[in-house]
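S.K.: Fit chains G and U to the supplied structure of chain X, relying on the hints for placement.
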Amino acid sequence: MAPQKKDKPNKDGLKTSITMFFKRVFGFVSASFIDFRRSPLTIFFAIAYPVILILLFGAIFSEHTQTLNSFTIYIQAEPDAGFEIAPGMEINLTETLLTTLATMETNDSEPLFILHYIPLLDEHTIPIDPGKYLEEVDGYFCLVIPANFTMLVYNNATSANLTVIMDENSQSAKIVYNIIKEVIYGFNLFLAGESETHIDMETIDIYLEEKIEYLDFLVPGIIGVALMNNAVMGTINRYSSFRNAGLFRKLASTPMTRTELVTGETVWQGFLAIISTAAIMIFGWLFFKVPFGKAAWIIEVLDWKMIPILIAGVLGFTGLGMIGSRFVKNPDAATAAANFLAFPMMFLCGAFFDVSGIAGVNVISKLLPLTYIIDALRATMITKNVSLAWYNIGISFAFGIGFFIIGVILTNIKNE
Amino acid sequence: MSKRRFFKNIYLSLRRIWAETSRIGLGWVRSPAAVFFTFIYPIIMILLFGYLFAGEGTTTLYSLPYLNEDTYQVGNATLPYYPAQELLTELGLNNDSLGEALGIKLIPVNFNTSEILPQNWMKEQNAAYLLRIPKGWSAMVNASLLNASAPKALVQYYYDPGYTSSTEVMKIIDNALKELNAQLFNIETSIGIITTTTPEREELSYIDFYIPGIIMVTLSTSGMMGLVSTVAEGRRNGIIFKMSATPMKKWEWALAQEIWQIIISLVIALLTALTGVIAFGFQLSAIHPLHVVILIFGSMTFAGLALIIARFVKSPEGAVAATLAFVFPQMFLSGSIIPPEVMPEFLQQIARIFPLYYIAKAMRAAMLEATLPKVWLPLGITIAMGVIFFILGSALTIWKKD
Amino acid sequence: MKLENEHAIITEDLVKKYKNVVAVDGISLKVKKGEVFAFLGPNGAGKTTTVEILEGVRTKTSGKAYVLGYDIDKRQDLEQLKKKIGTLPQEFNTHQNLTVRENLKFWSRMYAKNLPIDDLIALVNLEEKAKERYKNLSGGLQRRLGIAIALVNDPELVFLDEPTTGLDPRARRETWAVIEGLKQKGKTVFLTTHYMEEAEVLADTVAIIHKGKIVALGSPAELIDKYGSENKIIVRGSSSKTRDLIHRTLFQLGPMETAEGEVMISTKKAKIAEVIELLEKEKVPYRDIITQRPSLEDVFLNLTGERLLGERGDED
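Protein chains in written order, with this note's numbering: chain X, 1 to 416; chain G, 1 to 402; chain U, 1 to 316.
Please note that the accuracy of each hint is not assured.
[Unchecked claim] Computed spacing ranges between beta-carbons, pair by pair: (1) R5/G / P116/U: 38 to 48 Å; (2) I116/G / D200/X: 17 to 27 Å; (3) I40/G / N125/U: 38 to 48 Å; (4) A33/G / E180/U: 37 to 47 Å; (5) A33/G / K74/U: 40 to 50 Å; (6) A33/G / D288/U: 55 to 65 Å.
It should be emphasised that the hints constitute simulated quantities derived from the structure, not laboratory data. For glycine and all other residues, C-beta sits at the position ideal for the given N, C-alpha and C.
Isolated chain X, as found in the complex (with noise of 0.2 Å):
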C-alpha cells in the first residue's frame, strides 16, 4: 500500500528531495521532543535514573565519605601485671597495645576506633563468654588478651597468642582485622629490636597526575548505562507503540522512508545522550567535586573524543533497540524486558566497581559492547589514555555499525 521510491529524485528534484528528508528527520525529532516532555518514562530513564545511582552509588563508595567511618570493638582483657625488662623500667604490653589502639585516628582525625570492655565476670561471678556477648550487643569484632599478656611475651620460647573473634561474614571484621594485624606486626618488629621493615613496597600510581576518585570511576559507567537504558528501552518502547497506535502503517502511507525513520530516531537519541551526559556530569560534579574545591572538574573530564563515543554508543543501542523491538510487541512487556535486561548488564559490565577480577563475569562483560563505550569513555574522560580510548571506540565503532545495520534492517516498516 505504501508508495515506494515515488520521490526518487530526478535532475531538479534532488535538491527538493534533500530538503524533504531533512525536513521530515526534523519533523520526527520534534515530534519525539513533544513526546518526551510529557513521557515520565523516557524523563525518568534520561535524567531521574543516572541521577539516582550517581548520588546513590558516589554517597556509598566516595572516599570523602567512606573515610568518616570508625569502628566500634570489644576488647577483653585480662589483668596484666607487666614485665620489669630492666631495672627500673617496666613495661606492660597490654597497655600499650590498647593505647595503640585507642589513640588511631581516621583520615578525619575521627578515632579510628571505638573500644568497648568486656568485663571478665557478670553479676553473678560467672565468667563472660566473649563470643557470646559479642553476638548479643550484635558486635563483629572481639580483641582476647590474655592474663599477664607482658609476661607471657617475654618468657615464652613460643609465641604469647592475642585471640579475635570475628564474625567472619562481616565486611568490617575483616577490615579491622587487617589493621591489628598490621600492628601486631609493628609489635613484633619492636620486640625483635628492628625498627621497620627492610624490604618494603613502593606504590607508584601510573596515573597520579589525573588523582583519580572513584567518582571519577563512575562518571564515565554511569554515562555508559544511560545510553543503554535510553536508547534500548527508548527505542523498543516507542518502535511497539507506534505499531500498536498504527503509527508505522500511516507513515508507511507518507512519503517518509525507512532512512528517514531511522535517521530521525538516531538523531532523537542522540540530543537524549547529550541531555543524560550532561546530567549525570552535572550532579556528580555539584555533589562530589564542588563540595570538595575541584571545581575546574567538569572542564578538565571534558575531551572532544566523547562525541564519537557517544555516537557510537547512540548507534548501538539504538540498533539494539531496534532488533529487539522486533520480538516484542507490547510496549508493556517491552518495557519489562529492556529493564530486565539492562539491569544485570550494568553490574556485568563493571559501571560500578570493576570486575576484572572475578572469574566468569570477566569474560561475559568483555563480550558486551556497554564494557568498551565505559572504556573508552573513562580512557577519555578521566585517565586520559589516548590509545586505550581509540582502542575502545574502534570496538564500540564496530559494535555499534554491527547492531545498527542489522536493526534496520529489520526495520521494515511497510510491512507492520
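M.R.: Same frame as chain X, but now just chains G and U:
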C-alpha cells in the same frame, strides 16, 4: 443484622476476594511471559548478587603481571638467598593452589624499562597493575642482612586506580613482603593472633546470611513493579471501575491483590532459596520459621506501598518510573546487598526510611539463637508496617473516577 | 429505602464540573421501569460521565440522583444498588487470559444472586466460543460477552454505554436483538449511543444530549414529529429535460426544490401514490421515486446546528 445474614455477608465477601485472587493466578499461569519473568528474575538476581557481592561460587583471581629485572643468580657463594625468587614464591609462583588462596595469578612479562617506562607500558597494554622487582633488589636485601642500617630494599607496584581491585592486589603483595621480611630477618613472632569465628556462626557461611536478604530484595522489587503496573493497567482498561460498579468493596479488592502477592512471594522465595542451594551451597537449615512470618508481612508492606504509589501516579509508564525510583535506592541502601556498616554514617541513617531496612534486619536476627532476642523489635516493625501499609494502600486505592 | 416505584432512575439537576470544563450541566430526567431509555449525543457530550455517576463509579459535583429508588449519595444505598444493576462500560474490557465461561464465572462471584452461566452464554449466542479466551474473540463477540457479564446478577437495571460502537453492521444488529430480548424480559435498559438509528430502533424514550445538557426528550416518533423536518418525496429523472417535465407535472402538489436531475417535494400531505398517479397519467419518464422521512439525525441537526456524527461521518 441477623446472625445468618452476618455469616452470609462474610461468605460473599470471601467469595469475591477468592474470585479476584484466583483469576489473577489463572491469568498469570496463562501468560507465558509473566511466568517466565517471575521465575527468571529471582534466579538472575541471586546469581548476579551472589557472584558479585558475596563473592561466592567463584574464586577471585587477579592477573598480576610481574617484571623481574633482578638478575641475581642462585647459588651465590657468600649468600645463598635469592629473595626475588622467594618473593615470587610467596606470591604463588609455580604453585597454583597458593595463588588461588591468595587470589592472584602471576604472569611474567618482559620489557626494557630503559626504552619504555612501566607506566607507559601499562597504558599501552591496558594492564591494571604491575609488580616490578628492580635490578639489584636481591643484592640490597642481602646487604640488609649483613648491615642492619642498609637502605630499604623496595619493589615497585604500579597500578591503575581506575581498577578498584588495585588496592586488593596491593594488600596481597604487601602481606607477602611482610612474611618475607619476617623470614629473612628472623623476626620472631612474639605475639601471635588466633582467630575464631563467633560461636554460632561457625555453621553458617556468608551466603547463608546473604540469601534471605536477596530474597526480600527480589520480592520487593518484582512485587512492587508488578502490582503498580497491574493497577495502572487495570485503571487504563477500565476493569477496576467495572469492578467498582459491582458489590465488591475496595478493601476486598486490595486484599485479593495482597493475597496474590503473598502467594507469589512464597513461590519466589522458595525458588531463590533453591537456586542458592544449587549455585552456592546455601543451607536450608538456616531458615527459621519466623522467616515465613517476616516474608508474609514484608510482602504485605510492599503490596501496600505499591497501591499507594499507584494511587498517585496514574499512567502505567509513570508508575514504572516512580517504582524504580523507590526500589533502586532501597535495594542498595537497606543493607541486604551491601553491608550497612561499610556505608557512611549519613547513608545508614537514610537507609532507615526504607521498609526493607527493618525487614532485612529481622531476617538476619532470626537466623541465630544469640541474636533471636533482637528479632522482636524489627519483627514488630515489620508486622506493623505490613498492617499499616495494607490499610493505607487499600484506603488510598482509587475506586471511583473523579 | 425506596422512594418511588414507577421510575427506575430520577435525576435532578446533575452537574459534573472539571477544572475548566462542565461535562454534565444540570441534567434532570426520569426513566420509567421496563423501558429502554437512550441517551443520544455525539462523543464528548457527557453521556458516559452521566452513566458513570448513576452507576456509582464516578463522583458528581452537585445534584441528586435516585437509581432504583436508592439515593446514590448514601453509601448504604449505593451498596444495595450495586447488587441490582448491571453495567457494560464504554470500551468494555475484561480479563484477557480468561475464557468466556471463566470470565462469566468471575463476574458472577461478585454477586450473591446469579443467573446460570449456560443461560447467559445462550442468551448472547456464545455457546461455541465458551472455551475461547477473551483476547481471541472478535470485537463483536467481546461486546456480546460484555452484555452477558452485565447480566450475571439478573439486574433490574442495565447500563449499556455505547454497546455497538466499533462493531460492523451485522454485529450491531445482533447486539440490538440481544437488547430487545432484555426489554422483553422487563429489564430497564439505559443505553448511550451516538447512532441515531440505534436509538430509533431500540428506545422507548430518547434524550438528546449536547454539551452536557438535554436538548430534547421524548419517544423517537415524538421527537421527529416535533423537531424533524417534513417528509420528502424525491423523483429522479434521467436528464435535466425530464427533470423540468417532472417539475411541471408535480407542481400542483406543493412547494418543490430541484437539484441536478431530481425533484424534491417537501410535504406532509403528498402521498407517494398521488405522485405516481400523476406521473403515469402525464406519461412523464422518471428513473425512480424515493421517499425520505426525517430521522433523529435531522432532529439533532435542527436542535444543535451540528451533525451528530461530526464531519468525519461514521468513523466505523
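S.K.: Enumerate the violated hints, using their earlier numbering and listing them in ascending order.
M.R.: 1
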